[in-house]
Amino acid sequence: MSGVLTMGSLDPAFAAAIRVDGEPVVVDLRTVEFVEPAGLCALAALLEYLCARCEVVDLALAGRDVPAYLERMNFFRSFGERVRTNADVASLEDRRRHNPGTLQELINFHGEEEIPGIIQRISEILENQGYRLRERVAICSTLSEVCANAAEHGVSSFGAYAAVQAYHHIVSGSRRRGEEVLIAIADGGVGVRETLSRNPEYAEYTATDNDALRHALEMGVSATGEIGRGGGLALVAGIAARAGGSLSLRSGSGRVTVYENRKNSRNVPEFPGTFVRVSLPRTPQESSYK
Amino acid sequence: MVEERAHRVFEVAGGDLGGKLMVTRRTGRAVREALEGALEELPKGGILYVDTRGVELMDYSFADEALGILVSRSASGEYGDRHLVLVEEDRDLLENVEASLRQRSLAMIRVDEIGAEPGIVGKVPDHLVETLQAIYDAGSITNAALAARLDLNHTACNNRATRLAKLGLIHRRIETAAPGGRQYTYERIA
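Just so you know, the protein sequences line up as chains A and B, in that order. Residue numbering for the first sequence follows my numbering, beginning at 1 and increasing consecutively. Residue numbering for the second sequence follows my numbering, beginning at 1001 and increasing consecutively.
Quick caveat, the hints were computed from the structure, so don't treat them as lab data. Hints are supplied without guarantee of correctness; some may be wrong.
To be verified - Some chain A residues close to chain B (C-beta under 7 angstroms, calculated; not the full set):
#1 117
#2 119
#3 123
#4 127
#5 137
#6 145
Don't be surprised by glycine CBs; every beta carbon is placed ideally from N, CA and C.
Generate coordinates for the entire structure from the input sequences, incorporating the hints supplied.
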């Protein structure tokens, strides 16, 4: 495990999790020094998967920063009762403090009806922090569309997890000056390929998970094939790409990342569900930080 | 002259369903049902102004469910001879409405405010744009006059205007013309 917990850094854990069959499991995050929202949501999905398959799941953490961050992000509210950890969570609760970069703590949701409340709250936080309307619209539209996809297509026993964090530097790729908002959502549903396969018209686009992911990012592609459907993800990817950011979609054994001028695909270990990570850099002229 | 038609203004950000943040298909469906109720209460020929100016955010799912499907049903004749006009300024919020209507190959008349010069949001086939412009420039014009203005034969002109009427972008009036004939008059709706 590298120092940064991202969606991709959990790939070895996803590969190992598929083989788990009741025995005790330790998720060793002791080398992790930094957790980004996609890593947090992916960890939540991984632990949901493991908790459903074994009685004892241990989470090994080192230092104070990572446990403190997980506590601030409400991670232990979801998993404190189900996962054992070496971190002293009780002492972290006493030290709890607000982090202005936290736009949305780890939140678990199950239905579309919960989304307007989530958007209302994050919009107020963004407004209070001086984000301009255009930035708020980009962040809230992204979150609402991807959450709606998860609620509609990612139906699972645990629903879906989302988290949003703002940074005073660019964390995607090489760390550099700038500001960036990361939005992440993970669900435990059947995945993009199976969802699209329900529409026979897409047979030639669903041979592999990566084929299905690339096709799902096209405007107007949806499971039902109804006109008007299947626009949200394509538009959200466009918003991120135009802002100089990216959208990554991981499902099954595929992962596709959309940038302004290119789409990258790669094969990853098979794991249930769909994960989305969106990077929205703030451009200097739009930044209103004092 | 364009006859004054009954109209009603529906403020999307106001009322029980409203708010500045309009997201999800579920919310869009509720707003569409309210819009359908308002449309059906209008007399034939009436105009429903859908005012979204108080809305800060409208995601694609909401825009498609509330407006895309509404315009689609209107174009298929579900609400009879009643018209929709979007009241919205030229701002980012229109992108999702535009995307939804383009996906559906549909369009709506849009005005910055009631009484302002109309524009289009969505997709109007190129060959109909000139016809639409001519009708809006005239305010009200017969098929014969429009055909002469566009240098088209009457049938071609009528076909184009009928298509625009079906898209809900103009109002079409049929008048009996002596002896025993019919005369079509096309009118702008905003």
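Going through the hints against the structure:
Here the hint on residue 117 (chain A) is broken, as its CB sits about 10 angstroms from the closest CB of chain B, past 7 angstroms. Hint status for residue 119 (chain A) relative to chain B: holds, with the closest Cβ pair at about 5 angstroms, below 7 angstroms. Of the supplied interface hints, the one on residue 123 (chain A) holds, with its beta-carbon coming within about 6 angstroms of a beta-carbon of chain B, less than 7 angstroms. With 7 angstroms as the threshold, the beta carbon of residue 127 (chain A) stays out of range of chain B, its nearest partner Cβ sitting at about 9 angstroms, so the hint is violated.
A least Cβ separation of about 5 angstroms between residue 137 (chain A) and chain B falls short of the 7 angstroms threshold, and the interface hint therefore holds. Among the interface hints, the one on residue 145 (chain A) holds; its C-beta lies about 6 angstroms from the nearest C-beta in chain B, closer than the 7 angstroms criterion.
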